[in-house]
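A.B. asks: Residues per chain are reported as follows:
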Amino acid sequence: MRLKPFEFLNPSSLEDVFELLVRYGNEAKCLAGGTDLLVQMKQRRILPKRLINLLPLSELKGIHKAEDSLRIGALTRHVDLERSAFLEKGWNLLALAATKIGSPQIRHLGTIGGNLCNASPSADTAPPLLVLHATVCLSSLKGNRQIPLEAFLTGPGQTGLREDEILKEVILPKPPEGSLFTYLKLGRRKSMDLALVSVAVLVTINPERKTFEQVRLALGSVAPTPIRARAAEKQLGGNLIGEEAIREAAETAAQECQPMTDLRATAEYRREMVKVLVERAVKQSLGFPIPPTGI
Amino acid sequence: MIYPMKLTVNDELIELEVPAHRTLLEVLRNDLGLKGTKEGCGAGECGACTVLLDDEPVNACLILALQADGKRVTTIEGLSKGSNLHAIQEAFIRHGAIQCGFCTPGMILSAKALLERTPNPTEKEVRRSLVGNFCRCTGYQKIVEAILSLAKRGDG
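Chain order of the listed sequences is Z and D. Per the working numbering, the first sequence runs over residues 2 to 296. Per the working numbering, the second sequence runs over residues -16 to 139.
Fair warning: there could be bad hints in the mix.
[As the list claims (entries may be wrong)] Computed list of lysine-lysine pairs in DSSO-like fashion (alpha-carbon distance at most 27 Å, straight line):
1. Z:K5 with D:K(-11)
2. D:K54 with Z:K30
3. D:K(-11) with Z:K43
4. Z:K43 with D:K18
5. D:K107 with Z:K43
6. D:K125 with D:K135
7. Z:K43 with Z:K5
8. D:K125 with Z:K90
9. Z:K101 with D:K18
10. Z:K62 with D:K54
11. Z:K30 with D:K125
12. Z:K101 with D:K(-11)
13. Z:K50 with D:K107
14. Z:K5 with D:K18
15. Z:K284 with D:K107
[To be verified] Derived list of chain D stretches under chain Z, where covered just means 3 residues or more per stretch with a C-beta under 8 Å from a C-beta of chain Z:
16. -3 to 6
17. 39 to 49
18. 98 to 108
[Unchecked claim] Computed Cβ-Cβ distance ranges for the label pairs, DEER-style:
19. D:N(-7) with Z:E244: 54 to 60 Å
20. Z:E273 with D:I(-15): 53 to 59 Å
21. Z:S70 with D:R119: 44 to 50 Å
Keep in mind that the hints were calculated from the coordinates and are not lab data. Yeah, the Cβ is synthetic: ideal placement off N, Cα and C, and Gly gets one too.
In isolation and in its complexed conformation, chain Z is listed as follows (with noise of 0.2 Å):
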């Protein structure tokens, strides 16, 4: 597969970028890892006349810890997510995901910006970052602006980035203290696919009186966009901790997510496996035993 020419633009600023931006709208492309947009571009899906190259900008890389709270550069890429000392306690839950992104090739490409820019509804770090509160900060030459996550998420392949804006980082805050979390991802195969259902879940207990204090659910693969079961959440939060409780928890996600039918499964098998990913979930944060899943 061949890509069609264009022209290749390398900014030594941001203000460069924001400036390029302003001049070419949607003429330009803004390229990261690429393992996203190039192969958009060889399938002629999009075509743009000109790519506007991040990568060599230092201010987007790196992950910096403040008093309590994460900024990851969108130039992080996901084998740097993998591997960062900071991703400790419920961060960690953001590094465990990107652990299940496509192969190595790819995590050493890949970035936290694009995979979010790209905003499939089943981008892997998405369901860990809802149930983490980030934000997003974007900025153009007008200055910078951060907006929840949740609401940068529009659509399949729609975000709220304007125009001249790009995603200049992830803002995650501290996560409760004794959260227990996990991600698990439901493919075709163990490896190399995207999701057909994933869960991420973060939750916090009492455990004098065995209940949930607070419970975080994103769902991934199964809406328009990465999703909060907000529904599910309410029912386990502050109550006591059980098996009866989390099935029942699991069906009322099943029933508020919005699932499609796709070449990969049908809308059914998809509401079924949110109804088991969701109760495994739940149970593998909080130490119980669950089926063997993945590798």
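With chain Z fixed as given, assemble chain D onto it according to the hints.
C.D. replies: Then chain D, alone, in the frame of chain Z:
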């Protein structure tokens, strides 16, 4: 439009001029004649085009040559020293880990990246490191055995 760039390919610094839409894979195969790197799917699925970019495995079909400007590339041609094969190549031969050979260069480079980071990998780690390299002769078992035979027991 043509852009100047530099690449260090198998320890040799090369200066060349390429159009923006040329991938690293096309530069390696067509401009430099290094045909050991294969094109399978062209979309980052099969791993036949795996090369090491600054010692890390990547799909050469999914990188513009210009994105690799100034970096070091290792292809399968860079592994042997004269007529002496690299230890991983020797292990693949010894274990019968090659059938048609199309996936072999990519497999060997993925294995090299693994063994450099993890000198004593478990079987699971070996299998995980190869998920992005498809073998359609179904020879995975012998490939895994070949790589495991190089694990440095005890010091990992």
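A.B. asks: Check the structure against each numbered hint from earlier and tell me which ones fail, lowest number first.
C.D. replies: 5, 8, 9, 11, 12, 13, 18
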